[in-house]
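Top line first, the protein sequences correspond to chains A and B. Going by numbering that gives the first Met the number 0, the residue at position 64 of the first sequence is 63; the numbering climbs one at a time, nothing skipped. Going by numbering that gives the first Met the number 0, the residue at position 379 of the second sequence is 378; the numbering climbs one at a time, nothing skipped.
FYI, nobody ran anything at the bench for these hints, they're computed from the structure. Backbone N, C-alpha and C define an ideal beta-carbon position, used for all residues, glycine too. It is possible that part of the hints are untrue.
[Claimed, not checked] The calculated lysine-lysine pairs, modelled on BS3-like cross-linking and capped at a C-alpha distance of 30 angstroms, are:
1) B:K133 - A:K232
2) A:K189 - A:K60
3) A:K148 - A:K2
4) B:K133 - A:K495
5) A:K383 - A:K494
6) B:K151 - A:K148
7) A:K123 - B:K214
[Stated by the list, open to error] Simulated restraints on C-beta separations:
8) A:P467 - B:L64: 45 to 51 angstroms
9) A:K351 - B:D56: 30 to 36 angstroms
10) B:Y54 - A:Y452: 41 to 47 angstroms
11) A:G329 - B:F143: 28 to 34 angstroms
12) B:N310 - A:Y452: 40 to 46 angstroms
13) B:Y39 - A:L327: 48 to 54 angstroms
14) B:T296 - A:K2: 24 to 30 angstroms
15) A:T510 - B:S243: 32 to 38 angstroms
16) B:A31 - A:V339: 41 to 47 angstroms
17) A:R450 - B:E383: 38 to 44 angstroms
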Amino acid sequence: MRKGSTAIYKVFLWFFTASAVCTLYYSFCIYLLDITFQYLWVIGYIVISSLILSFFYFIPKISKAFAILSSFTLSMILIYAAKFALLFFLPPKTFYNLDDIGVAVTGSTLFLLILGVFVMVNSKFTALDDILAMEDSITDKEKYISYLKEVFAGNRKHRELERYIGMAANLGILFLMLTLFTLMRSPETKWVYSILLLFYTFGSIGIYLVLYQMKSILDWKILGYEVPKDITKRWNRIFVWFFIPLIVIPLAIPWNYQVVELKFLNSFIAEQTSGIKKIDFSVKPPLSPVNGTNTAAVETNAPLTVDESKTVEPKKGIEAFLPLLYVLGGIVGLYLVLAVIGGILGVTMRYKKRSPFVEFLIRRYKRVRAIVDGILNVLVFIGKLFLTLLGVSKFKSSAPKELSSPVARQLFALFDSDKEMPDEKKEEIKTIIREFVKLIDITNRFLIPYRFYYGPFEYMEKVMNSIPEETEVIERIVEIFNESRYSLHLLEELKKENFMKAVAYLIGRITDTHRAEKDRPADNT
Amino acid sequence: MKTGKLVLIGFILLLNFILVDFPAAKIIIAMAFVIGLFAYFYTRGVKKELSVKRYMDTEKVFMGLSEDTALVLNNGFFLPIHAIIMHDTADLNISVQQMHYFFMSVDPLETSLSNYQLYGRKRGKYHVGPTRIKFTDFMGINSFSLEYDTVKDIIVFPNIYLITNMPFKSLQPYGSIRNNLRIFEDPTLIIGLKEYQYGDEIKKINWKVSAKYDKFYINTYQPAISAGSMIVLNLYDDDYSFRSREYYTEHAIEITASFVRQLFIYRQEVALAANCTIDREDTKVISEINKGEAHFTRLLTQLSVMESTKNMPFQNLLDPSALNLKWGTCMYVITPRLNEASLYKLLEFRRSGHNITIVNFGPEIVKDLSLWNVGFQSFFAEIEGNLINLLRI
């Protein structure tokens, strides 16, 4: 059933791994070795090694360790064979002569990098594939579905693709930024980068498509649908239909031009990024007997974009990366500004309807806050650990945030099977209860007094009677509250968000009405 | 969550697009557009070219029997549909579950058939449908959900029992009264042949026999008039003021249906009159006297959708002008109780030349309904298994 998908996946995984490692390697060559084409043949090594690994890794009959070992051995044999073949056939100017140790170091380092990227990307596929493959070994389908539910109970993230998308996006951002600076500095590298980045894009899209297919099938199985066995056949046929225009149309429209030529920017970047050779693995050719200079080095390392009459003093050390740091700093700064605005808006518009843009800003704020909290927690932990080691204080792990109000505790106490609950679920329930209690506080103050023996729905029914126009919102709140409290699964993010919004809206509505009533002039009659 | 990152990628791509001569940036931006457009047009095409139809052999189901309902999903699009989820709604009284889920994958320009069984468990009018479709494209970008009007009303007929001892000994000739006037000759009842004489109707010639004997022979028919029967059903709530009201209301309808069926088997003309509620409206159902399969089905359909009434007493139904009965029509009155007003009305019918048979039912035999002395026939209908025993009160 999944053979076709696995084959497609293998090809795209190969594209992804090879192009990612090649781009990293190529950028490394340009920035740290300050060479552009001399080691281009190594790209061939990376591509073939990735292919070998992709081939061996998916042979079901051999163990993964053996597959990796075989791939490594074969790759090393290949790199040595390539070295001798290149030495024999090609003129020595086209590449740096690596000695045998240099070849071994380069080959194994690159293989490790390939393996790292490969395993990282492949982990999601392996996880999904293993679970789907398990179905064939379990005869009782109900058992299989209950097993799936058990595995994914309370943790929907296990089958989400966000991690993969995040990783692919992060690498994509890195590659694009590297490309931008490299091309400003050395425009002649545009073809290599273009090919690598196109393969990277294809690989990312292809892997996403296959993973999404597997994830969707798994989702449907968990929901209890009878998924037909030939579903992947049709699905893969759509992939073919999809990839034809995806390749043909973008290549058919013009792409070889520059919209704006900013010479000053190019020369500025060239100046800023003209880093010196930090690492030189090459065995340098003998000095010229005529004037005593290294001719190969001069030929290969001459600045390429800058006017030759103008000598550019190469920047040293960290200075070579300053423009990159400026850009990164700019992005981080912009992000922080957005987060601060989001934080302010979050407070001021707490109980008001928010536009999607405001929501976007508030999300930035929450993200930054989470990061800052995380860093603070780590610092506090280290501090406490340090004090404990010095014997100044006793180390205590911080207790999870507990519910403070008695109503919240009562609502949480209704919950019987908390021992079987994952901590993530407990936290979710507590968050929902906290919000619900906020609402109860307001309704208790302005609408109907809350009595401790009221059930959530019972009380909310009374609230509904006093504001019948908001029945729908209240029903939604109670529904999500009940789902969260009585179920074992985690709520969808969207549902949680809707709950928060509904509570905030209702609180705003009640307080506004109360304020308006308060401000209304007294009836003199 | 990843929107921010994708926006950032877009931004850097745009910088690459504008500031440097980087073919890949142009191609990737074009790719992004192609991805978006392909996903959009694929979803749109599927949405536009998709159709769902329901097929059923019949919309009328006998209680206890199952009937297949089929949903045909047609993909008129030139690309395959990788996955589509179809939900069909059915009333719990005719189906084991309220929602039927189907997961389908359809080839281009092909159809996919899904079916399930409906099982009439309770008399009434129920509906199946509508059918909902959920679709998400192969990338998870676009999705839609559509509702198709596949609603069909399903009528579940009441349970029908065999009546063991139908009251034949009554004064009425069970639908046919012998009559000497030729005008009432029944062409379905041939009693013999005779040689053709001048003045006989040509349409009476029996051509087969005439050809055999080389002489004209004509059919002679049994002269008869059709008296017919009317089944009068009392569904007034107050007359059912005992414990299991709904149970006995169902009994009343089942007994009526059984009588209709029995008379249908005897090829008799039959009509139905009832005070009831249909679609939450109090109404009097008075059908015409007729015979045949279509009429039988019509009466059963009416019986299937009836409910008891709170505002229409039985005596209101017994209005001679409304019932408009021919002389000699036999009336079967199916009621758990009979009040004085209704009794007087029935006596009026008796005086007008109709034969009245009271069929009583319920938790106990009402002896007051023993009305043989006033010329009525009175029976108590006892249901045992698949049979109705009519016990003389």
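Tested hints:
no.: 1; hint: B:K133 - A:K232; in the structure: holds, 20 angstroms
no.: 2; hint: A:K189 - A:K60; in the structure: violated, 42 angstroms
no.: 3; hint: A:K148 - A:K2; in the structure: holds, 25 angstroms
no.: 4; hint: B:K133 - A:K495; in the structure: holds, 23 angstroms
no.: 5; hint: A:K383 - A:K494; in the structure: violated, 38 angstroms
no.: 6; hint: B:K151 - A:K148; in the structure: violated, 36 angstroms
no.: 7; hint: A:K123 - B:K214; in the structure: violated, 96 angstroms
no.: 8; hint: A:P467 - B:L64: 45 to 51 angstroms; in the structure: holds, 47 angstroms
no.: 9; hint: A:K351 - B:D56: 30 to 36 angstroms; in the structure: violated, 59 angstroms
no.: 10; hint: B:Y54 - A:Y452: 41 to 47 angstroms; in the structure: violated, 55 angstroms
no.: 11; hint: A:G329 - B:F143: 28 to 34 angstroms; in the structure: violated, 41 angstroms
no.: 12; hint: B:N310 - A:Y452: 40 to 46 angstroms; in the structure: holds, 43 angstroms
no.: 13; hint: B:Y39 - A:L327: 48 to 54 angstroms; in the structure: violated, 35 angstroms
no.: 14; hint: B:T296 - A:K2: 24 to 30 angstroms; in the structure: violated, 55 angstroms
no.: 15; hint: A:T510 - B:S243: 32 to 38 angstroms; in the structure: violated, 54 angstroms
no.: 16; hint: B:A31 - A:V339: 41 to 47 angstroms; in the structure: violated, 31 angstroms
no.: 17; hint: A:R450 - B:E383: 38 to 44 angstroms; in the structure: violated, 57 angstroms
In this structure, the earlier hints numbered 2, 5, 6, 7, 9, 10, 11, 13, 14, 15, 16, 17 are contradicted, and the remaining ones agree with it.
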